[in-house]
Every structure is written in C-alpha cells, then in structure tokens.
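**Q** As a plain string of letters, each chain reads:
There are 2 protein chains.
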Amino acid sequence: MTAAPETVTPDDAFHVFDTTLRDGAQREGINLTVADKLAIARHLDDFGVGFIEGGWPGANPRDTEFFERAAREIDFRHARLVAFGATRKAGGTAAADPQVAALLASGAPVVTLVAKSHDRHVELALRTTLEENLAMVRDTVAHLREHGRRVFVDCEHFFDGYRANPEYAKAVVRAAHEAGADVVVLCDTNGGMLPAQVTAVVRTVLADTGARLGIHAQDDTGCAVANTLAAVDAGATHVQCTANGYGERVGNSNLFPVVAALELKYGKRVLPDGALEEMTRISHAIAEVVNLTPSTHQPYVGVSAFAHKAGLHASAIKVDPDLYQHIDPELVGNTMRMLVSDMAGRASIELKGKELGYDLSGDRALAGRVVERVKERELRGYTYEAADASFELLLIDEVRGTAERFFRVESWRAIVEQRPDGAQVNEATVKLWAKGERIVATGEGNGPVDALDRALRQGLERIYPQLARMELVDYKVRILEGRHGTESTTRVLIATGDGRTEWSTVGVGENVIAASWQALEDAYTYGLFQAGVTPQD
Amino acid sequence: MTAAPETVTPDDAFHVFDTTLRDGAQREGINLTVADKLAIARHLDDFGVGFIEGGWPGANPRDTEFFERAAREIDFRHARLVAFGATRKAGGTAAADPQVAALLASGAPVVTLVAKSHDRHVELALRTTLEENLAMVRDTVAHLREHGRRVFVDCEHFFDGYRANPEYAKAVVRAAHEAGADVVVLCDTNGGMLPAQVTAVVRTVLADTGARLGIHAQDDTGCAVANTLAAVDAGATHVQCTANGYGERVGNSNLFPVVAALELKYGKRVLPDGALEEMTRISHAIAEVVNLTPSTHQPYVGVSAFAHKAGLHASAIKVDPDLYQHIDPELVGNTMRMLVSDMAGRASIELKGKELGYDLSGDRALAGRVVERVKERELRGYTYEAADASFELLLIDEVRGTAERFFRVESWRAIVEQRPDGAQVNEATVKLWAKGERIVATGEGNGPVDALDRALRQGLERIYPQLARMELVDYKVRILEGRHGTESTTRVLIATGDGRTEWSTVGVGENVIAASWQALEDAYTYGLFQAGVTPQD
Chain A
1 MTAAPETVTP
11 DDAFHVFDTT
21 LRDGAQREGI
31 NLTVADKLAI
41 ARHLDDFGVG
51 FIEGGWPGAN
61 PRDTEFFERA
71 AREIDFRHAR
81 LVAFGATRKA
91 GGTAAADPQV
101 AALLASGAPV
111 VTLVAKSHDR
121 HVELALRTTL
131 EENLAMVRDT
141 VAHLREHGRR
151 VFVDCEHFFD
161 GYRANPEYAK
171 AVVRAAHEAG
181 ADVVVLCDTN
191 GGMLPAQVTA
201 VVRTVLADTG
211 ARLGIHAQDD
221 TGCAVANTLA
231 AVDAGATHVQ
241 CTANGYGERV
251 GNSNLFPVVA
261 ALELKYGKRV
271 LPDGALEEMT
281 RISHAIAEVV
291 NLTPSTHQPY
301 VGVSAFAHKA
311 GLHASAIKVD
321 PDLYQHIDPE
331 LVGNTMRMLV
341 SDMAGRASIE
351 LKGKELGYDL
361 SGDRALAGRV
371 VERVKERELR
381 GYTYEAADAS
391 FELLLIDEVR
401 GTAERFFRVE
411 SWRAIVEQRP
421 DGAQVNEATV
431 KLWAKGERIV
441 ATGEGNGPVD
451 ALDRALRQGL
461 ERIYPQLARM
471 ELVDYKVRIL
481 EGRHGTESTT
491 RVLIATGDGR
501 TEWSTVGVGE
511 NVIAASWQAL
521 EDAYTYGLFQ
531 AGVTPQD
Chain B
1 MTAAPETVTP
11 DDAFHVFDTT
21 LRDGAQREGI
31 NLTVADKLAI
41 ARHLDDFGVG
51 FIEGGWPGAN
61 PRDTEFFERA
71 AREIDFRHAR
81 LVAFGATRKA
91 GGTAAADPQV
101 AALLASGAPV
111 VTLVAKSHDR
121 HVELALRTTL
131 EENLAMVRDT
141 VAHLREHGRR
151 VFVDCEHFFD
161 GYRANPEYAK
171 AVVRAAHEAG
181 ADVVVLCDTN
191 GGMLPAQVTA
201 VVRTVLADTG
211 ARLGIHAQDD
221 TGCAVANTLA
231 AVDAGATHVQ
241 CTANGYGERV
251 GNSNLFPVVA
261 ALELKYGKRV
271 LPDGALEEMT
281 RISHAIAEVV
291 NLTPSTHQPY
301 VGVSAFAHKA
311 GLHASAIKVD
321 PDLYQHIDPE
331 LVGNTMRMLV
341 SDMAGRASIE
351 LKGKELGYDL
361 SGDRALAGRV
371 VERVKERELR
381 GYTYEAADAS
391 FELLLIDEVR
401 GTAERFFRVE
411 SWRAIVEQRP
421 DGAQVNEATV
431 KLWAKGERIV
441 ATGEGNGPVD
451 ALDRALRQGL
461 ERIYPQLARM
471 ELVDYKVRIL
481 EGRHGTESTT
491 RVLIATGDGR
501 TEWSTVGVGE
511 NVIAASWQAL
521 EDAYTYGLFQ
531 AGVTPQD
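Just so you know, the sequences run in chain order A and B.
Under UniProt numbering, think of the first position of the first sequence as 1, with each following residue one higher.
Under UniProt numbering, think of the first position of the second sequence as 1, with each following residue one higher.
If we strip away everything but chain A, and leave its shape as in the complex, we get:
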C-alpha cells in the first residue's frame, strides 16, 4: 500500500464506510435538508462507522453548506468526514479544475473520487480516450495527496467494465493505487452482480494489482449484502453501505446486516464496543429523519425480525429461544416478540423507567399498568420510541395515581383563511382553566398550529412565566394507514427546547390540527414539570 503511513491507524485495517448522505440520498422519496444531513451524520457517528461520505461539495449549495456546518457543529467521536467528487475534466489539470478545488475547500480530510473503469463509459459518457482517463485518475489523486488528503477511488461500473475489458479495468485500479489512493473501491454500479462472481473478480484483481480493495454494491439482484460479504471473503477490507439500504433504484448495500454479519458471523470487530446494541435504535432514528416508515421486515432491526407467529415455532421457543432464532435479538438492540402479544414488555418498560429515574422493579402491578397503557395507545397510533417526554408523562400519571395537570382545556378553535387579495390569515382561540382562573386567548401565526401555540402560550405565560423560555424546535407529521386518503390517523411529533435541553412529545388524532394540539399540551406540561412547577388547577 502506498497510503501515507501517518494517516493509517490500527483500527484502519477494516473500513466501515457509510454513504447514506451521498448515494443513499439518491433514493426515490428522500430529499434531505442540511439539518437532516447533520442529524444523520450524528447518528452514524454515534453508531461508530469509520467514514461518513457527506455529499459532493461544490455540486450544489446544500452539500457545500453541509461540509461547512458539519466541521463547525459536529464533534465526531468515531467517523471521519468524506467529500465525494470526480476526477478532473479531460484535457485539463487537477490543479486548475474548479470541481477539484471545491473538494479541497470543503476541508474534509478524506476524498472519494469517482473514476470510470469501463472502457465503453469512458468513450460514450466521458467522451475521452482511455489513456486520458488514466491520466485524470493519476493527476487528481496525486493532487489531492499533495494537499494532505486521504483518497479513496470509486471505480464506477467496475464489474461490467471488467467483463468487457479486464485489462483496462485493472489499469484504472493500478493508476489509482500507484498515484497514492489508500483504497480502490470496486463498484457494482448497475447492481447486476451475484456473489460468486464478485468473489472471483475481487480475488483476481487483488492478486493482479496489489491495491487495497473496497466494495460498493447496489441491490438490483437482491444480493447487495451478500455481494459485499463476498468481496470481504475475497480480501476486500473496505465496505461502502447506506443506512437501511437507501439508494438509487432498489438501493445500496444495507449497512446494518453487513456490520451485523461481520461482527456476529465473521467474528470481526468493525464497530466500537456496545455499538451493535444500538443498531435497531439508530436504524429507526435515521428512518425518522428521512421521513420514511422503518421497514418492518428489515433483517436484524425490523420490528418483525424476531417476531414469531407459527404455533410450531412458538412452542419450540418456549423450550429454547435459540431453536428459532439465528442470534439473540438483544445483540442488535431488538427484541423477540410473540405475535398477538405487544412490542413493549414489562422488562423494557422497567428499563425505560430506570433510564428516566423511576424504579419500577419493585412494583410489578405499576409496571404492568404502564405496559397496558402503552400497548393500548400504540395500537391507536402513538409511538413512544421518539417521544420520551410523552412517555414520562404517562409514567408520572401512573406513579402519582392522578393525571392532574397545570391547566385544563375547555375548547379551542383554529381558522385558516385564504382571502381574495391573496393574504392568508391563521387565527386561533383557546379557552383554558389554570389555578382556578378561566383564560380566553387568541393568537395569530403563519399556520394553524403556530396560531394555536401562540394562543396557548399567551394565555398561560402570565400564570406560568417559565413558559417564556420554551420554544418549538422541531415538528414532524406522519399519516398512518396511508391508503385511506385524508381519513387516516395523523401522528405529530414535536420537539421543544428551553435553551438548555430538548424534549419530544407525541399527539395522535383524526387530523393534523388535533394531533398537533395534543403534542403541544404534552410539550408545555412536560416543560413545566421539568422546571419544577407543581400542578395546581
């Protein structure tokens, strides 16, 4: 390897490289804001991947902004940030290429360069000669290395190219390797490969070039995970994946089953201690950020992944759970479920209570009542995974034996109006009781929820001045049971902050306004509890 020795650390022997923010964002239905990208980067760093490919700086303002903000706002514990870009233009120099300059300007310590390795693509899509393409690879890699960047080279369409012209495909690998690329990544860009083919090609290329090899697999044959592992079997030491397999067309190789197989089946340590147990949570959290329902049947992390239905299985499982499970679900932060039963067992409620500072282990009846309430509410569409504060309120009610709160709602009304002159008016009125007093307040906002929020705060702030410090910081809507048009159930998640901390609440209703109102009520109730206020109606 020609990699600069100073950048290679012992844990560098095997790379878990995530490209959710770049290739994953190509999935139909995903459209990430900079805030989304930052949130996902934090989750991936928590999970412990080695590299996070953040996007293509310079290609669009969003990706450029992401690199600026990520460097400033995220204190990465495990991951190194990677900028993606292309080799320089044909006929120019890397030093004078503005696209290459933008990669350096991003400040990312690592750059992945995409290079053509299929002779036909060089001619048809790049419209240059095979020799110039090699020069582009060499020149761009060398230029980035001179500027102190670590470089990985993605050989696009490698496997198709290898089939068409193996000598040229290998020449591209050699050019990248000899110019100083740490890893040359063989990409199955069209996703048409099968594992046995991948193993054979990777083995030959490794023997013939001596380059350190990585694998980038797409799932068009339904074999992306297997193809990734097939490359590892043949000696690849760098795997490119995306969270939940998001990506162009069918998707990319799914990070979660790949790392689970490496850790649990190969016995290879590729993540920090304890990370694998966070896998289910991280998978679901990333799905929330991209606003896609987590796949219930995803290997390892789906809610159905360890759900047992067959009577045959159920009775065997009573004898020994290992009889029908290939791993202990707790290893990946998932749980076994016997269907007909619920998701949240008493054990997990007790654990959750402990996490929040309530010891429920001594009171089985109390924990049982909480399980029942969670079960009943989740059936109606609530989710507590992403709404800690609403869960804690539910717990507080059961612990205190009362649902006494800081205020009581008599009624509310929101009006949204599009006027003939084009002006839009959003107005809300709330009628409340607090400390024995009846309050009527009206608020205007830029939407009905904002108007309700303002009316509620305006009515209560005089009595509870603590509310002045609190503000809504995030708001998410999901329609459940999508095939019933607007008659579906709506779930709203609200994040509220007071400058020191943030908390999340959930509301469910027949429509978005009613669901939002519930989440708002919980948000301010929790905020007041947390500020040390005592309920008194």
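To be clear, the hints were calculated from the coordinates, so they are not data collected in a lab.
Errors might be hidden in some of the hints.
Below, simulated DSSO-like cross-link-like pairs (lysine-lysine); rule was C-alpha separation at most 27 angstroms, straight line [to be verified]:
no., chain 1, residue 1, chain 2, residue 2
1, A, K354, A, K375
2, B, K375, A, K89
3, B, K265, A, K170
4, A, K375, B, K476
Please build the complex by placing chain B on the supplied structure of chain A, with the hints as guidance.
**A** Only chain B this time, still in chain A's reference frame:
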C-alpha cells in the same frame, strides 16, 4: 434418484417451488382466506411455477377447504399442487397416523414432509430418539410413495443441525432419499446462513448422499436470495421461495429475484415462455390479494427498481440506457422512470417529457425553461419525483404558454374547532369561479383538508361531472427545514384516483392547510385534463 420415473417429466430437471400459501402466510400482517389462497394459486400458476405448496391439510379447516376447492375450481396449466405435513408421530406407524391420512385425503399429487435433521431438536422439541426420527422419515415417505404420491422432504434446521452433528444430518437425508423421496430440501430455518457456507454444505451433502437436493432459505441475514443461488451453484435443483419474499420474521427467499437471476443471469429456463415479462404484474397482484402495499424498492419489480434520479446518470442514460441498468426493465414487465429533481439537468427533463408524451428535444429553450422552473420550485420545497401530475401541469403550461385552468379560486377558509363538550367540528368554505360563474360551497369533514376537499368538489361537480369519479387515495405530509418549529415549510403529496389510474400532485406552503389546498387544486386540474375536458374559465 429413486423418483418414480412416470412422474418425472423433462421440465422436471429444475423445480421452482412456491410456498407463499404455506410459509409465506406466516408473515406478520398476512391473514389469508380460502378465496385469497385460490386467487394467489391462480396467479402463481399463470406465472408458471412448477409447484404450489397450498398449506397443511388437516391442520386447520381453511387449508383442508383450500385443497378441496383448488382441485375442483382451478385448472392448473403449469403447477402441481403440494400438501405440506409432518412425518408420523414417534412410536406409531404412518399407515395409522391421522395427520398422514389427511395428507393423502387432500388429493394433492405431491406431498412435502417436514422432518427434523438437527439432533438437538429431535431430542428437545420432538422428544424422541435419533433412531426413531430416522424411522419416522423412512416409514412416512414409503407410505406416501406406496399411495402414488410424489414426496419431497424438508429437512428443518438442516444447516444448524449439520454444524452440530453432520453425520446425523446426512443420515436424515439418506433416510428420505432411500425411502423414495424425489428431493431432499435443506432448510435454513433460522435464516442465519451466508452464501459461502451454503455452497460448501450443499456441495458436501450432495457428494456424500447422492440425493437430489433442494434449498429453502429464510432472509434473516438479508441473504436469502443469494443463499438460494449459492445452493444452485453447488448443485441443488429445487428452490423453495415465496412471492415478494413473504414469510416468518424477515421473510423467505423471494421468488421473483431468484427466478429472474436463474433466467437472466444463469441463462437457465425455469419458467414458461413469456412468463418473466408478467413478473412485475404478478408481484403487484399478489400484494393486492394479501393486502400489503407492494414494496416500491423490491428488486426487478418495484416501481423504483428502474427509477433514475442523479443528473450524472440521466445524461449517461440518454446516451445509452444500458449504462445504468443491469437488465432491460421490459424483460420483467417493469419500466424505466426518470425522476425529476434538482439533481436533474435538461437531459432528464427531456426523457421525462418523452415518457409523458411531449417531445422537448427539438426546443432547447423550452426544455431549459422547464429545468429553471423545476429548480426554482424545488428550492422552495416542491418535489416532482413523486408528483408526476404536478410536473406534467408545469410542462403543459410551458408548452401551451399559458396557465389557463378549469377554475379560479377567489378565497377559501377552514375552521377546526374543539368544543367544550369534546366534539370536534371541521368546516370549510370555498369561493370559486368556473365557466364565468361564481360558486360558494361549504363542506364538513373529519379534518380541515377533508372539509376543503368536500367543499371544492361540491362546488365544482355540477359544472365538471367528471370529478364525481375521482377520489383521494393517499395523503402525505412532510415538514421541511425541521429546525424552525412550526414556521417551517410544509410539503403535501396527494394521490388521486379515478378507478382506472392514479396520479400524484404536490403542494408547498407555510402551513399544512395551504399546502394541501395547492395539491388538491393540481389533483383535480390534472384529473380534468386527463378526462379530456378543455379549460374555459
């Protein structure tokens, strides 16, 4: 092979065996009626699988009834019906076992017997001796053969059993083979295997026993399709799969990518002529019967499986579609789709226009204007990749040079009220102009958007009776720029149908009601264009 020669036809050399109706039905969320099972069996037979495992006759009345009715009502063109059951009880005889008698009574020409092949399971779950288990296999297979049935034996937990006690696992294979089973199926019941392991085990068992081998893979490692192919690589000639990969926990090996790989990648003819082109349709039809939304990202058959988003890809695809597709989507009855997004350039707009029937290639200025409008609107939060109809309206406006529409909105208003008695009221009023007439209409609904929808339709239906056929079928909300609380931009996607087809529209606004209203306007405008109505204000 000891298979009775009279039942072995030339196309018997490779078996495509479907177990959707038995193992697939174990999936969480699937609950099949007899009518559902009959409908699925017809689709599978149309598709041309060789064997359809219909259930366990005698185990429950539904499965018993299915076999009665399937024999009477379905004239199978390709498939043979298979009854699933277990080996006889320990300590008895097959001839006297009522469960075995029910298999014969089903009239199915083929029986799959499940047998234990893992020593620990024989002892823990079956509670008998290893020798008696072998006798149960021999006796039951021989009994069914004597009654003219073809027999396949499923060795449950074969791979785990082989790891624990390879000699015993192979002894079960030999017992089945020698008693007259046509195929012995190695089952990865817990789904924990990886392809390289499967290939190695199948190869050894084939060499050591001489039995004809099949494979039954579960998807717990995300490798079921690859594991199935890995067994074929090692000499298995019988693959057990389910439509869309339905099954216990994560699911079973997915029939569609398996047969597609065999036909298109291996060049093996395993289906009747023309069947593969029906694959996308059959996959979606079966999803409809089991009442699950077809997976958009399923290999080969998902609506996203050949959808292209990246501008880089789009310009290459214009040159040659094969550059970014591993197969021609028409081979599996699917189609290529260009997604319009801000990553797209003029090339993808031209392709998209062509897909919709507008030739933009001759007018670079027009295509350029469309690109600019798409970019400008996507910057404001619109997305066209999931809103074909809104994109087509934008295109129509540019092509026609006017935004003339079917109706003009003067104003609208929505009121959401939570009354003191707990009742919730949603009411909307719209004021419109259509065909020179001013219309004022009011609607009530279960939410503000539903109320607006009803008011709008009520107001317009007299003038445009075509609207009566249209209805909202899906509704999605996404809050953009999530870190600004309720001041964020809201994007709404609406799917509308008229019983024949569906179309999607997008709306963006400061709040969910305003965004929904825009998407509704586009939805009905597009519906009227499509119904052949001409705009006249």
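**Q** Next step is simple, just say for each hint if it's right about the structure.
**A** Going through the hints against the structure:
1. K354(A) <-> K375(A): At roughly 19 angstroms apart (the allowed maximum being 27 angstroms), K375(A) and K354(A) satisfy the hint.
2. K375(B) <-> K89(A): This hinted pair holds, its Cα atoms lying about 25 angstroms apart.
3. K265(B) <-> K170(A): 24 angstroms, holds
4. K375(A) <-> K476(B): Given that 27 angstroms is the threshold and the Cα spacing comes to 26 angstroms, the pair holds.
Violated hints: none; the structure is consistent with every hint.
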